[in-house]
Amino acid sequence: MALHLNLLHEQILETRQRQRDPLKIGTMILAGIGAMLFLYYGWNAYRTLSIKARLSSVEHEWAKVEPKVTAAEKRSTELNNIIKTTTVLDDYIDQRFFWAPFLEKLSRCIAPNTQLTSVEGSVLEEKGISVSIEGVAAAREPRSAAEDLRQMLSEQLTQGGYSDVKVEFKALDDLDTIASVGGASVPMAHYILAVSFQPAGKPKPVAPAGRGPRK
Amino acid sequence: MIGKLNKDQIKKVGLTAVGFVILLYVYFSFFLGPLNRSRNTMLTAIADKRAKINSSQENLAKTAKLEQQAKSATTRFAALKALNPEGAPIAWFPPRMKAFFGNQQIDKVTARLENNTAFKQPEMANWLKYTWLVDVPQVDYAQLGKAIAELENAEPLLTVSKLSIRASADQPEYQQVALSAVTVIPKQ
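Residue numbers (our numbering), protein chains in the order written: chain A, 1 to 215; chain B, 216 to 403.
By construction, these hints were calculated from the structure, which means they are not laboratory data. This one's a predicted model, so the numbers in the text were calculated from it and none came from an experiment. The C-beta atom is built at its ideal place from N, Cα and C for all residues, glycine as well. Any given hint could turn out to be false.
[Said to hold, decoys possible] Coverage of chain B stretches by chain A, computed from C-beta distances (three or more under 8 Å per stretch; other residues unrestricted):
#, region
1, 226-233
2, 239-253
3, 276-282
4, 304-316
5, 319-332
6, 353-366
7, 371-381
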C-alpha cells in the first residue's frame, strides 16, 4: 500500500475554512434575499404607480362631472322646495273659507219682520266657523219670528254644503218697544244667535243676491 | 453542524441573523408597508370616486326628470309669487285694498297691519302670514257681499279670518264693516 503524504493540508484547511465562513455565507444569503425583496418592492411600486395613474384619470373625470352634479343637486333641492311650498300654498288656498256664499245664505233668511244689528264671524283653526248674529224680530209672536229665522238659517247652511251646523239662541228676550209692520203695531224681541259649522265642502265665492238685512 | 462551528463563527452567524431581522424590519416598515398603505388609500379613493361618478349620472338623470315633473309646480309657484309686488307689504297692501274697494264703489277703506307670523311648516320658511285690519266705514250689504266675493276670487293668498258687520247708527241703510284679512307673502 502506497503512502500518501499531504504536505499542503494546512493550506487546504485554510481554504476550506474561508469557504465555510458563516459571515460570508450569511452576507451572500442576505444579499440574495435583499435582491428578491428589492424586486418584489419594484413590482409593487410599479403596480402602485399604475393605480396612481388610474386615480389621476378618475379624479380628472370627477373634476369634469362635479360642477354639473353640484348644480344638479342644488337645482334638485330647489325644485323639491318649490314643489313642497306649492303644495302647502295650494292646501292653504283650498282650505280657505269663503264668506261671500255664507253672507248670501244669511241674506236669504232675513224676512221683512226681522232685522240684523250685527254679524260677528271668525274662522277658528280646526274648530270651524263661528258666527254670532244679533238682531230684533217684530211680529204678533216675535219669538216665533226669531225661531223662523233660526230654523231657516240652519236649513240654508245645511243645504249649502256645510257640516256640523249648529244654530242656537244665545239670548231671546221680549222688548218693551212696539214696532209698526205693515201698519200694524206689533211687539218686538231681541235675539242673539250662535252659529257654528264646518266648511266641509269647498264652496266658491258667490256674490250675495237679493235683499240684504233690513235695518 | 453548529457543533462544528467555533466561537468566532457562532458570533458571525448571530450577527448575520441580526442583520436579517433588521433588513426585514426596515423593508416592511419603511418600504413595503407605506407603499401598500398608499396603494390601498388610492384604491379606496378610486372606488369612492367611481361610486360618486356613477351616482352623479343617476342624480343628473333624476334632476332632469324632476325638472320635467316640477314644470307645473314651478309655473304655479312663480304665479303665486308674482301676486305680491316687491317691497315691504306695509307699503303696498293698504293702497291695494283702498284701490280694490274703490273699484267696487266702496270708499274710505283703510287697512293697517296687525301682526305677522311665521308658518309652522319648514318648507314655508321663506313665507310669512300678515294679518291686516281692514275698516269699511260705510257700505251696503249687497255691495259688501259682492266686494268680498270679488276679493276672495282675486286674491287666492288672502283669507278673511274675522268679519264684523254692524248696523250704522246714523244711516240705517248702511253697515260698518271690519275685516281681519290674512295674506301669505314671501319674506322680503
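Here is how each hint holds up against the structure:
Chain A is given as covering the region 226-233 of chain B, and this holds because 5 residues of the stretch bring a CB closer than 8 Å to a CB of that chain, at least three being needed. As drawn, the region 239-253 of chain B meets chain A at 6 residues by the rule of a beta-carbon pair under 8 Å; at three or more, the given contact holds. Beta-carbon proximity to chain A at under 8 Å applies to 4 residues in the region 276-282 of chain B; the threshold of 3 is reached and the given coverage holds. Counting residues of the region 304-316 of chain B whose beta carbon lies closer than 8 Å to any beta carbon of chain A gives 0, which falls below the threshold of three, so the coverage claim is violated.
A stretch counts as covered by a chain when three or more of its residues have a beta carbon under 8 Å from one of that chain; for the region 319-332 of chain B and chain A the count is 0, and the coverage is violated. Against chain A, the region 353-366 of chain B contributes 9 residues with a C-beta closer than 8 Å to a partner C-beta. That satisfies the three-residue criterion, and the hint holds. Coverage of the region 371-381 of chain B by chain A holds. Counting CB-CB distances below 8 Å, 10 residues qualify, and the rule asks for three or more.
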